[in-house]
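So you can see what is in the structure, the chains are spelled out below.
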Amino acid sequence: MAVITIREALNQALKEEMLRDDSIFLMGEEVGAYQGAYKVTKGLLDQFGEKRVIDTPITELGFAGLGVGAAMAGLRPVIEFMTFNFSILAADQIINSAAKMLYMSGGQYKIPIVYRGPGGSAFQVSSQHSQAMESWYAYFPGLKVVMPSTAADAKGLLKSAIRDDDPVIFIEQERMYGMKGEVPDDDDFLVPLGVADIKREGKDATIVARSLMVPAALKAAEILESDGVSCEVIDPRTIRPLDIQTIVESVKKTSRLVVAEESHPFCGVAAEISVQVMERAFDYLDAPIKRVSGADAPMPYAKNLENLAIPTADQIAAAVREVAYLD
Amino acid sequence: MSKPTPESSSRAVAEEESSTGVIDTEAEQGETSAIQRDQGKVKRQQKGRLGNLKREELIKLYHEMLLIRRFEEKCAEAYSLGKIGGFCHLYIGQEAVAVGAISAIRKDDYVLTSYREHGHAIAKGIAPEAVMAELFGKVTGCSHGKGGSMHLFDKSVNFLGGHAIVGGQIPLATGVAFASKYQGTDQVTLCFFGEAAVNQGAFHESLNMAQLWKLPCIYICENNQYGMGTSQDRAMSLRDVAQKACAYEIAAEFVDGMDVLAVREATLRAVERARKDYLPTLIEVRTYRFMGHSMSDPGNYRTRAEIERHQERDPIKLFLTNLKEQQLIDDGQVKKIETDVRETVEKAVRFAEESPEPPPEDLFKGVYANPISQGDK
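Those protein sequence lines, which keep their order, are chains A and B.
Per our numbering, the first sequence starts with residue 1, numbered consecutively.
Per our numbering, the second sequence starts with residue 1001, numbered consecutively.
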């Protein structure tokens, strides 16, 4: 097993899948000559040429829809959004075309497409460049939404997403591209979609966290360990379809749940997880479920304010103490 | 291609060469005499084109247009009886566009269009029964009752749908053309849309990419002069749609949509460019819908007189008159076609009525191609 960054893991996934299947092409802003705004696509233009690695104009709606059309005619596009903030311009094609084509055509046109790129906060890039979009896309039947938090998951999930016959929204995290982890060397290493991963086992409380909140939750678990509280950290990895069963099983064991997320709380994924746990395991809960979410405000620029807007390990630990009635 | 082709965007050029019928701008603003002059011109021009096709082919075009007209009339009836639900946008008046353009392509070429799509679907080869059954919400419909009037699909004839967000099909069609070039085939894609879609970013983004990357997509703007109830002059600063092609250095033509042969010939020229050189074209087809935007349109934004003036240029009547005058068709044949068409439509209605509704379990079928149930390991 090699230790590589999430950025390199994503790059390997793209390269291996493109070698495996000629119908896969990569399209987006600066994915080719520039080597990717975040260097995820580094070297791919040289290796696969302009036919399969295509720099686009800044025209998100256009190339998001072009990808759907190409998928209808038999290709397997991987469309990069420089960031998911820009996917807002393309939302019509993602939601009205990609998500619904199979259904409204009576099963005739599958859309094997991956929309990928970073989402969530970056470093002081302010309101329009710091948005967690997963609850938007997870809302729509027909889409799958994936958010990796480790290098191995990034590689294995992206490969699965590319091989999947449905449209997949694959949301990376800019702050995490440089994080390192062990990744199996196997070219066919896949992480299945729709399966949560228990990142840390524990018995006293369950923390569900995704993307950037996974390292924060693991840190919170460490802090709590020293207080004698054993936390189980679950990363759903796929937001839709959601592996609620793994979460419910954990809650049945720990009886306490904290859901941490970088996104705004209102109509968010944590709200969905909370209600699903309530529906399935209400009698097992010893305390109300607690959410730790990003601030319910646009992202500010000032460093101190930005820090206040993003949940921390300490806040997650405090929430666990609250549901465990320790304070 | 760095410049528009000779038979391109400028109306003046088109008129000079007489390759396209051009509607006088004054006429559409209500001058009856101009419309009448134009009617005579269109008829003369069409007459000149009759010789380019065999008699059977001409009759086939007439037959198809009439089938669509009668099909749509039946839809209106079925809608008012409550047998068709939702939105229902009829194609009456515009038949020459779908029939003329689609007659210029092969069966394995692709067609995408908007929600006013029954005519295109039939012209591309979807059985009228399957279209009617879809409108009736039956499982035997071409989209198995999941799409309805605005979302007809049939993979077996490469009909890639009606799309119901204005302009939404334009990037999709561009992507289909991208795939043809990627796969190295010589298939072309026809993309139909109304003039109101031209104001959407999707149109401009697509034309830019199509010319930038040389994609074999033919964009056919069916300018029926109204986006729902808003006339083009209330919605578009530059009304000459074909001229907008200049912004992307894309080849363009302006065609009279009441002349099925003019539409066909313009499309043939575009198809040649697309097949041989992977080049896109924008064709503006000036047409008119005789019915409302949809079945629920009160029509208070235009006058009956305006509609009647355009009906004098009815593409089906115009074509039939020319066929008769040139003795390419006789009364007996006309009658037989009328009977055939009526039977086809009646049969489609019977089929739709007798077909079963989709079973309840279909509600969740086809949401995903690779469904994953919660917690699958």
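By construction, these hints were calculated from the structure, which means they are not laboratory data.
Note that the structure is predicted; figures quoted are calculated from it, not measured.
Keep in mind that a hint or two might mislead.
[Unchecked claim] Below, in silico cross-link-like pairs of lysine-lysine (PhoX-like), each with a Cα-Cα straight-line distance of 20 Å or less:
1) A:Lys51 / B:Lys1155
2) B:Lys1335 / B:Lys1181
3) A:Lys110 / B:Lys1155
[Stated by the list, open to error] Residues of chain B placed beyond 12 Å of chain A at every Cβ, according to the derived structure:
4) Lys1041
5) Lys1054
6) Arg1055
7) Glu1134
8) Lys1181
9) Gln1187
10) Gly1227
11) Cys1246
12) Asn1300
13) Glu1308
14) Leu1318
15) Asp1331
16) Lys1347
17) Pro1360
18) Val1367
[Unchecked claim] Simulated restraints on C-beta separations:
19) B:Glu1361 / A:Gln315: 41 to 47 Å
20) A:Ala287 / B:Asn1370: 34 to 40 Å
21) B:Glu1353 / A:Lys253: 55 to 61 Å
22) A:Ile88 / B:Lys1155: 30 to 36 Å
23) B:Arg1037 / A:Gln128: 30 to 36 Å
24) B:Lys1335 / A:Asp165: 48 to 54 Å
25) B:Gly1085 / A:Asp165: 48 to 54 Å
26) A:Gly74 / B:Leu1050: 36 to 42 Å
27) A:Val125 / B:Arg1234: 38 to 44 Å
28) A:Gln128 / B:Phe1087: 33 to 39 Å
29) A:Lys303 / B:Asn1300: 32 to 38 Å
30) A:Asp21 / B:Lys1155: 17 to 23 Å
31) A:Gln128 / B:Leu1238: 44 to 50 Å
32) A:Gly228 / B:Asn1370: 39 to 45 Å
From the three backbone atoms N, C-alpha and C, an ideal C-beta is built for every residue, glycine too.
How the hints compare with the structure:
| no. | hint | verdict |
| --- | --- | --- |
| 1 | A:Lys51 / B:Lys1155 | violated (26 Å) |
| 2 | B:Lys1335 / B:Lys1181 | violated (45 Å) |
| 3 | A:Lys110 / B:Lys1155 | holds (11 Å) |
| 4 | Lys1041 | holds (38 Å) |
| 5 | Lys1054 | holds (32 Å) |
| 6 | Arg1055 | holds (36 Å) |
| 7 | Glu1134 | violated (9 Å) |
| 8 | Lys1181 | violated (9 Å) |
| 9 | Gln1187 | violated (8 Å) |
| 10 | Gly1227 | holds (17 Å) |
| 11 | Cys1246 | holds (18 Å) |
| 12 | Asn1300 | holds (30 Å) |
| 13 | Glu1308 | holds (37 Å) |
| 14 | Leu1318 | holds (35 Å) |
| 15 | Asp1331 | holds (42 Å) |
| 16 | Lys1347 | holds (22 Å) |
| 17 | Pro1360 | holds (15 Å) |
| 18 | Val1367 | violated (5 Å) |
| 19 | B:Glu1361 / A:Gln315: 41 to 47 Å | holds (45 Å) |
| 20 | A:Ala287 / B:Asn1370: 34 to 40 Å | holds (38 Å) |
| 21 | B:Glu1353 / A:Lys253: 55 to 61 Å | holds (57 Å) |
| 22 | A:Ile88 / B:Lys1155: 30 to 36 Å | holds (31 Å) |
| 23 | B:Arg1037 / A:Gln128: 30 to 36 Å | violated (55 Å) |
| 24 | B:Lys1335 / A:Asp165: 48 to 54 Å | holds (51 Å) |
| 25 | B:Gly1085 / A:Asp165: 48 to 54 Å | violated (31 Å) |
| 26 | A:Gly74 / B:Leu1050: 36 to 42 Å | holds (40 Å) |
| 27 | A:Val125 / B:Arg1234: 38 to 44 Å | holds (41 Å) |
| 28 | A:Gln128 / B:Phe1087: 33 to 39 Å | holds (35 Å) |
| 29 | A:Lys303 / B:Asn1300: 32 to 38 Å | violated (58 Å) |
| 30 | A:Asp21 / B:Lys1155: 17 to 23 Å | holds (21 Å) |
| 31 | A:Gln128 / B:Leu1238: 44 to 50 Å | violated (31 Å) |
| 32 | A:Gly228 / B:Asn1370: 39 to 45 Å | holds (44 Å) |
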